[in-house]
Amino acid sequence: MQTKPIGAAALLIPATGLVLVFMGLPLIYLFRYSLNQYVPGEFIVDGFTLENYRIFFSEAYYLTGMWTTLLMAGAVTILCITLGLPIANWIARQSGTLKTILLMAVILPLFISNAVRAAGWMVAFGQAGVLNYVLLQLGLISEPLQIMQTPIAVFIGMTAVNLPYVVLTLQSIFEGLDENIDFAAASLGAQPLQSFFLVRLPQVVPGILAASMLSFILAMNAYATPVLLGGPSFRMMAPMVVVEIMNKANWPLGAALAFILLATTVAISILAALFIRRRY
Amino acid sequence: MIIFCGMSIMLLPLILILWLSVTSNEILALPVEGYSFRWFSEAFRQPQFLSGFLLSVTVATFATVAGLIVSVPAALVIVRRRFWGREALIQLLMSPLTVPAIVIGAALYITVVEVEIASGVPLVGSTAIFAAGHVLLTIPWCVRLLLASMEGLNQSIEEAAASLGASPASVIWRVTLPLIRPAMFAAGVFAFVVSFGNLEVSIFLSGPGQVTLPVAVMQYLEWKIDPTIAAVSVLQVLFVAVMLVISDRFVNISRMV
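Sequences listed follow chains A and B, in order.
Note that my numbering numbers the first sequence so that position 145 is 145, with each residue one more than the last.
Here my numbering runs 280 ahead of the position in the second sequence, where the first position is 1.
Just chain B, with the same shape it has in the complex (with noise of 0.2 Å):
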């Protein structure tokens, strides 16, 4: 009976938003008068959701990339070396993760208006601000699945190589990398889709008609709620869906979260 409510106040909200997509009336109104799929492509056809699902994917491509260029080499260092502050260094890396976001949203807001006025040049709004923010968002992920990884590596694979003549930027380059390959897939996915979701930090860095997707949903749910956004809504599930499923092919993402 508990398992039964717990289960559905999970599902709930994500079965009737499916079902909503699907309704032909033109507002939520029961009973329906019958079952369409013509929101999905009124979805398409308001300028805030493409140019937001645009700017969304552009911004976590960056804020990805960046997050695994820098975390790929601290999570080396950190695996294989111990050093004094060594868990302090651990604890900074992982602290976007309880600070709030809004609050990193907020301080990063007011610094880059701050820095705006006294150097000229417009940022807010800007995708080089947002892959900013968001950079913050991947590095810690970036860094926990990368550990979680590389602790369970086997040295002497490495050891064999280096002792075979190999240097050691030519261990790191054909061994390790190789090895940790899924990791940094793994890592890249969640970074991914963590970003892409962002709603706290993108809010305080949206400008006027530069809006992420998170942000354009939220600004439409607070006037209405309609079969159009739920129609946006489940295309943005299906797409973290298959991000998911294609990230399972390598971790088991259970164990990450």
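Isolated chain A (complex conformation) (with noise of 0.2 Å):
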């Protein structure tokens, strides 16, 4: 293709210029209205000050959600790559129409979205739910057990939410495997869950970097399944900066508040990137 330089530019500016438009700008308006006012009542208070992150770095409220966040984030992405791992591992020695079915099952909720994967847990973990039920049925419990509006509830809605991230990130890198080095370590005496940890963990570490990073951002940002499953005394970063902004009307904390969540986020994918580079 012989297009000149200037018939390339052209070819790139409509593409990178709505990201710039509708992306770019509004970010750097946002970072501007954080530093604003907030003066109840008054829609807009032009100002300069940095008193909007000062309440969020010195009220428990903030803080705790901020916490709470990080918190759920790391506790998540220890379970889905505890969890992910095995199923990566298998579905990867599988073939043929089970393997088909079985990553259709992995990547069908993938596209489900947040918000109907949390009704189906509201469905289990109900006052009537399923589980309560059941317990109550085999008289295990005697009253309903309080599941819902519980961390417990997001916990297990968030890692539902993020494993299958995992797994279809780590079975690709098991996919790429040499299985020659399975048969080596079998033919040398290996038990198959020795092999496991000796040997084909160390070779996809890597992966389990990349996909915590995934799964971590993911929670960091999650939005309707801690509304859902946590209720409105639980608080996460996305579900404050929506309450803060539509809610409040607070609109120079919330962007604040955005503005701290987006750096955090930023912040964690540069540094996971360079780990992983300099590593490996």
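Just so you know, the hints here were simulated from the structure itself, not pulled from any lab data.
The reader is advised that the hints may include incorrect statements.
Claimed, not checked - Chain B side only, calculated, beta carbon under 10 Å to chain A, not exhaustive:
{"no.": "1", "residue": "295"}
{"no.": "2", "residue": "363"}
{"no.": "3", "residue": "403"}
{"no.": "4", "residue": "510"}
Unchecked claim - Calculated Cβ distances over 12 Å to all of chain A for the following chain B residues:
{"no.": "5", "residue": "322"}
{"no.": "6", "residue": "490"}
{"no.": "7", "residue": "502"}
As the list claims (entries may be wrong) - Computed spacing ranges between beta-carbons, pair by pair:
{"no.": "8", "chain 1": "A", "residue 1": "20", "chain 2": "B", "residue 2": "439", "range": "31 to 37 Å"}
{"no.": "9", "chain 1": "B", "residue 1": "311", "chain 2": "A", "residue 2": "206", "range": "48 to 54 Å"}
{"no.": "10", "chain 1": "A", "residue 1": "181", "chain 2": "B", "residue 2": "525", "range": "34 to 40 Å"}
{"no.": "11", "chain 1": "B", "residue 1": "405", "chain 2": "A", "residue 2": "133", "range": "38 to 44 Å"}
{"no.": "12", "chain 1": "A", "residue 1": "247", "chain 2": "B", "residue 2": "406", "range": "20 to 26 Å"}
{"no.": "13", "chain 1": "A", "residue 1": "274", "chain 2": "B", "residue 2": "363", "range": "23 to 29 Å"}
{"no.": "14", "chain 1": "A", "residue 1": "54", "chain 2": "B", "residue 2": "363", "range": "32 to 38 Å"}
{"no.": "15", "chain 1": "A", "residue 1": "7", "chain 2": "B", "residue 2": "345", "range": "20 to 26 Å"}
A virtual CB, placed ideally from N, CA and C, is assigned to each residue, including glycine.
Both chains are given apart, each in its own frame, so use the hints to dock them into the complex.
This is the structure in structure tokens:
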């Protein structure tokens, strides 16, 4: 293709322009807005203050939300990796129709909105839900457990949301492993479990790091799951941004929260990318 | 054992929603009295779901078409030319996947309201603004899928066409585009599904009476869970599943996520 440089630039401009106009500029504006002052009742008070950031770092309401977000993201990621590794390893070893079915079973949930999957957990965990009914029938409990609107419900719901991403990331890495190495390990007398932990696992460490980062960031930015399963008193960052901007109409503080969430997300992805690049 | 736990944690919510949608009780109550399909017709009687579905399809169509129109030329240049800032440009086009959707939504909302005040044109809740927000979601997927397929393209076919006297424009139109048609189709389906399911950006851009289907579902669920919303969810899942099966005929989806 012998297009001139100018022609090439013209082909790039529409896509780049859309991203810059509809995301770049609004993000700059969001940052500028986070420096404005909030006066209840007044719509926009132009200012130049770090007050909103000071509020975030000094008030327990917001700090707790941030800590909950980080802890939840960490816990969900650890569980996802623990569950995801054996599943990915198992799927990678299957073939034919079974493999297609298994992959479809992993991929389909990925395309179903988080709200719908949260609704499924509401059916399971509610006061009149399936789990309470089964436990009551079995006589294991005498009155319904309160599972909805607890961190446990959010924890399970978010694990379900992130697990398919983790499984697919790991599965594609297990697929790429050389099977002869496993045969070599077996011929030298390694048991299957030994072979998994000592031979296969070390080869996929970069994949585990990549999957962990993906899961952590997804969890940090989760919205529907914490709102629907955690209830109004459970606070994580993304729901707090919506509450601040849409419900409390405190745009400057909401903008500051959004910007902190963005900065944390970007920082984690850059650090993880650097770490993976340096080590591997 | 772990494998069983993991698979059920992924699939259980979907199975439970499917089950709830066909129970005959008015609300979730166990043991169930019986089974019926009446909640599926009830789902169509609730106006917010039907209008939400139509808005979602309209927005997703606009966003997908616009995303493809801008991404195909960009991907062509990125694959074929080595230029300064190429890596940075790819990063920029993929960045809407890194920036949290909730932040994109918040930033766009604040900006749009400001523009609204300055210009006097009502924008929040308009299809155009939804499409503008959603095109951000479709561009990275289009670029990613198109790049993946174009890198494997045999360039000598295009060179042959050029050496036989085809003009550059005619090479692109009559050789390159037909070659990447499956990838364009897959990118389109993917972009459509991503836009159709988006909640975080839409939640900010919705106006009174102008909500997309995911926002309508979310608002309903914040209030209550019953077989009607389960039926709506099942229909939504079926819609997405059909799209995926169609696109699986063209590309291997599991390689693309």
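Status of each hint after checking the structure:
At about 8 Å, the closest approach between the beta carbon of residue 295 (chain B) and any beta carbon in chain A falls short of 10 Å, and the interface hint on this residue holds. For the restraint placing residue 363 (chain B) at the interface with chain A, the shortest Cβ-Cβ distance is roughly 7 Å, inside the 10 Å limit, so the hint holds. A cut of 10 Å between beta carbons decides the hint on residue 403 (chain B): the least distance to chain A is about 12 Å, and the hint is violated. Against a cut-off of 10 Å between C-beta atoms, the interface hint on residue 510 (chain B) holds, since the closest Cβ of chain A lies about 7 Å away.
The beta carbon of residue 322 (chain B) sits about 16 Å from the closest Cβ of chain A, which is more than 12 Å, so the claim that it is off the interface holds. Chain A leaves residue 490 (chain B) outside its interface by the beta-carbon criterion, the shortest separation being 15 Å against a cut-off of 12 Å. Once the 12 Å rule is applied to beta carbons, residue 502 (chain B) is inconsistent with being away from chain A; the minimum gap is 7 Å. Checked against the given bound of 31 to 37 Å, the beta carbons of residue 20 (chain A) and residue 439 (chain B), roughly 34 Å apart, stay inside it.
The supplied range of 48 to 54 Å is met by residue 311 (chain B) and residue 206 (chain A), whose beta-carbon atoms lie about 50 Å from each other. A hinted range of 34 to 40 Å for the beta carbons of residue 181 (chain A) and residue 525 (chain B) is consistent with their spacing of about 36 Å. Under the hint 38 to 44 Å, the C-beta atoms of residue 405 (chain B) and residue 133 (chain A), about 41 Å apart, fit the expected range. Restraint check, residue 247 (chain A) to residue 406 (chain B): a C-beta distance of roughly 22 Å satisfies the suggested window 20 to 26 Å.
The supplied range of 23 to 29 Å is met by residue 274 (chain A) and residue 363 (chain B), whose beta-carbon atoms lie about 25 Å from each other. In this structure the hint that residue 54 (chain A) and residue 363 (chain B) lie 32 to 38 Å apart at CB is violated, the actual value being about 44 Å. A C-beta distance of roughly 23 Å is found between residue 7 (chain A) and residue 345 (chain B), which places it inside the suggested range of 20 to 26 Å.
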